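Number of protein chains: 2
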Amino acid sequence: MDQVKIFTPASVANVSCGFDVLGFCLEPVGDEMVIRKVESSGLKITKIVGESLPLDVKKNVAGLAAEAILKAHPQKAGFEIEIYKNIKAGSGIGSSAASAAGAVFGINELLGKPFTAHELIAFAMEGEALASGSAHADNVAPVLMGGITLVRSINPIDVIQLPTPKELTAVILHPKIELKTMHAREIIKKNVTMEKAIQQWGNLGAFVSALFNEDYGLMSRSLKDEIIEPVRSLLIPEFDSLKKASISAGALGFGISGSGPSVYALTKGMKTAQKVSKAIDEIISPIGIDFEIHLSNINDQGIKILSN
Amino acid sequence: MDQVKIFTPASVANVSCGFDVLGFCLEPVGDEMVIRKVESSGLKITKIVGESLPLDVKKNVAGLAAEAILKAHPQKAGFEIEIYKNIKAGSGIGSSAASAAGAVFGINELLGKPFTAHELIAFAMEGEALASGSAHADNVAPVLMGGITLVRSINPIDVIQLPTPKELTAVILHPKIELKTMHAREIIKKNVTMEKAIQQWGNLGAFVSALFNEDYGLMSRSLKDEIIEPVRSLLIPEFDSLKKASISAGALGFGISGSGPSVYALTKGMKTAQKVSKAIDEIISPIGIDFEIHLSNINDQGIKILSN
Chain A
2 MDQVKIFTPA
12 SVANVSCGFD
22 VLGFCLEPVG
32 DEMVIRKVES
42 SGLKITKIVG
52 ESLPLDVKKN
62 VAGLAAEAIL
72 KAHPQKAGFE
82 IEIYKNIKAG
92 SGIGSSAASA
102 AGAVFGINEL
112 LGKPFTAHEL
122 IAFAMEGEAL
132 ASGSAHADNV
142 APVLMGGITL
152 VRSINPIDVI
162 QLPTPKELTA
172 VILHPKIELK
182 TMHAREIIKK
192 NVTMEKAIQQ
202 WGNLGAFVSA
212 LFNEDYGLMS
222 RSLKDEIIEP
232 VRSLLIPEFD
242 SLKKASISAG
252 ALGFGISGSG
262 PSVYALTKGM
272 KTAQKVSKAI
282 DEIISPIGID
292 FEIHLSNIND
302 QGIKILSN
Chain B
2 MDQVKIFTPA
12 SVANVSCGFD
22 VLGFCLEPVG
32 DEMVIRKVES
42 SGLKITKIVG
52 ESLPLDVKKN
62 VAGLAAEAIL
72 KAHPQKAGFE
82 IEIYKNIKAG
92 SGIGSSAASA
102 AGAVFGINEL
112 LGKPFTAHEL
122 IAFAMEGEAL
132 ASGSAHADNV
142 APVLMGGITL
152 VRSINPIDVI
162 QLPTPKELTA
172 VILHPKIELK
182 TMHAREIIKK
192 NVTMEKAIQQ
202 WGNLGAFVSA
212 LFNEDYGLMS
222 RSLKDEIIEP
232 VRSLLIPEFD
242 SLKKASISAG
252 ALGFGISGSG
262 PSVYALTKGM
272 KTAQKVSKAI
282 DEIISPIGID
292 FEIHLSNIND
302 QGIKILSN
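One line per chain: the protein sequences are A and B, in this order. With our numbering, you'll find the first sequence wraps up at 309, consecutive numbering, no jumps. With our numbering, you'll find the second sequence wraps up at 309, consecutive numbering, no jumps.
Treat the hints with caution; some may be incorrect.
Just so you know, same-sequence chains aren't split out, so a pair can sit in one copy or run between any two.
[To be verified] Straight-line distance between alpha carbons at most 20 Å, and here's what the computed DMTMM-like set of lysine to aspartate or glutamate pairs gives:
no., residue 1, residue 2
1, LYS197, ASP159
2, LYS197, GLU227
3, LYS191, GLU227
4, LYS77, GLU40
5, LYS279, GLU239
6, LYS6, GLU81
7, LYS276, GLU28
Hints in this document: simulated from the structure, not taken from any laboratory. Computed from a predicted model, the values in this text were never measured in an experiment.
Work out the full structure, taking the sequences as your base and the hints as a guide.
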């Protein structure tokens with residue numbers, strides 16, 4: 002195999018009570034990438050379509066991630082990467098993670114899969130670090146492993162795949178305003194009260210239990226975040242109205258995707274997701290901001306091979 | 002039925018990464034109580050054996066808890082309570098919780114079980130508040146519900162029973178020094194760094210997942226507490242040596258039980274528990290403090306009826 006074409010999906014990180022640890026992978030939204038093994042040595046990004054991003058390997062998340070895996074598994078051959086972006090940079094649904102994860106996934110395939118999905122996380126994180134200013138795994142993990150993942154630790158890397166309840170469905174609103182991850186990181190406080198921290202870990206523990214038991218009621222009661230959301234939501238237009246309307250329309254929970262500006266709702270079933278989508282549309286449409294709404298199952302597989 | 006005799010067990014709360022939310026119920030250590038329905042109205046504690054505790058209903062955790070359930074379910078008849086304490090007050094393995102939970106469990110039996118175990122938690126908490134200075138559920142919940150419990154919220158009360166991996170075994174060391182819960186609460190800081198809070202909720206989420214999957218390796222990696230343990234362990238003699246020796250002897254994790262002075266280790270299987278117990282004994286024996294070591298399965302049932 003000398004070439005692989007893949008679909009590399011968007012993802013939602015910082016899922017409410019799981020700030021910095023919990024993420025899930027989306028189904029219909031994602032980039033395409035072509036990774037090619039070539040005779041002349043070296044790594045090249047030969048084409049980027051859909052976004053204005055640097056072709057320079059050292060300035061591109063896919064490039065840095067690809068370098069990381071090739072450093073761990075040196076090759077005489079070279080590699081070329083083409084990226085067809087559908088996920089907008091800065092949208093908050095893992096645009097850079099899709100590129101970084103896609104690059105290492107594709108190269109791993111062409112190398113004959115020397116690394117497991119869990120092992121690939123470390124390489125993809127080296128790309129992610131460029132985009133967000135710090136190495137984190139909560140987007141690349143669900144993209145590489147599929148489904149819903151919990152990052153217990155990044156040093157050493159220890160990521161757990163959680164079960165995906167069958168009917169769990171996501172609604173994503175991407176309001177097209179720019180919000181850099183680095184800026185969104187800066188406004189988070191360095192300390193948190195013990196009381197709120199305890200609430201948060203109680204909620205996350207309960208949410209994990211609810212995923213195993215497919216207990217949608219408990220998912221709903223535990224999808225909360227009183228630490229980061231109250232601060233970051235100030236940067237997102239109509240956040241409170243969108244949340245209220247989504248919950249009224251039957252959403253289990255509603256929160257910020259990544260560091261925003263995208264927001265997510267989780268529902269039981271596609272029918273409720275459609276109602277939530279309609280409720281969101283009714284609030285966001287009159288504002289006059291350009292936006293997109295995605296409805297998605299949880300993508301249990303992660304990256305998919307389209308052809309090779 | 003006019004009388005019930007029960008075994009009301011000890012419990013471990015504040016289980017490492019689950020500070021203030023995670024607890025489990027012990028098997029061989031516990032008090033006995035006799036609850037009797039009598040014709041003359043009113044509530045009386047008629048006997049306490051084994052500890053010097055007030056018979057005055059208003060000054061006794063069992064009395065206050067009993068009052069709470071009877072307020073919610075008023076009776077013409079009266080109730081008498083006898084308490085045979087085996088769990089030392091201030092030991093850190095839920096002495097007051099055993100009494101409070103036992104009282105409401107016994108009265109509920111004699112009333113024909115109008116309340117579920119989950120509903121009884123609120124009444125038992127009113128007793129607990131007297132002992133610890135604040136209402137908390139992390140000991141009464143496992144005693145009433147059995148097994149391993151996670152207190153997601155106490156207002157409203159929302160407690161989840163987690164699965165008990167078959168081979169999970171506890172070793173408890175109770176060094177007989179006095180350490181009041183209120184004092185141990187005071188030394189905890191009011192704030193925690195975001196970094197450590199995220200670590201803690203990542204660990205708790207992982208630990209919950211590990212219980213469902215019976216993944217002992219992951220239990221071990223996630224049984225950590227870098228927030229409370231570094232402070233409270235200073236009050237416990239030889240804590241660091243005990244922890245190191247227990248882990249070396251094969252313990253999955255080691256931490257403070259409740260607010261101390263008792264400490265717990267969790268192991269896979271009784272054989273390893275015995276090795277850990279021996280390692281603990283070798284450290285604590287030479288010091289000259291009076292102590293007890295208990296080995297216990299996780300008690301899935303909680304309070305047991307001995308006769309009625």
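Of all the hints numbered above, which does this structure not satisfy? Sort the numbers upward. Violated: none.
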